[in-house]
Amino acid sequence: METIADAQDSLGAAEVLAFVSRLQQRLDLPDAAAGVDLISALETVKSAASAVQATATVSVATTIETTRKESGKPKSQ
86 METIADAQDS LGAAEVLAFV SRLQQRLDLP DAAAGVDLIS ALETVKSAAS AVQATATVSV
146 ATTIETTRKE SGKPKSQ
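Residue numbering for the sequence shown follows this note's numbering, starting at 86 and increasing by one per position.
None of these hints come from the bench; they were simulated from the model. If you're wondering where the values come from, they're calculated on a predicted model, not measured in any experiment. Be aware that one or more of the hints could be misleading.
As the list claims (entries may be wrong) - Simulated DEER-style distance windows between Cβ atoms:
(1) A133 - K158: 31 to 41 Å
(2) S156 - Q110: 40 to 50 Å
(3) T129 - G97: 18 to 28 Å
(4) A146 - S106: 25 to 35 Å
(5) L108 - A139: 13 to 23 Å
(6) G120 - G157: 49 to 59 Å
(7) D113 - E150: 43 to 53 Å
Said to hold, decoys possible - For lysine to any residue, the following SDA-like pairs were computed, each having C-alpha atoms within a straight-line distance of at most 20 Å:
(8) K131 - G97
(9) K131 - A99
(10) K131 - T142
(11) K131 - S95
(12) K154 - Q138
(13) K154 - A136
We put the CB at the ideal spot given by N, CA and C, even for glycine.
With these hints in hand, go ahead and build the complete structure from the sequences.
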């Protein structure tokens, strides 16, 4: 399993925040079809973001647990 420390080519927080900033810009849709396409794409983004968040959470927890174990600290409750 790749840990956060190993993820040199992974998407970073700054890139995600820049994307969010672009999403928050003024929206001008030429027609309803473009709106439907955008809504569909945003649903895909939302699902992908949830999956990445879950993966990152597991990675962080694993990294913390490994660090605590290596330093001889007890498992966090």
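Structure versus earlier hints, numbers of those that do not hold, lowest first: 12, 13
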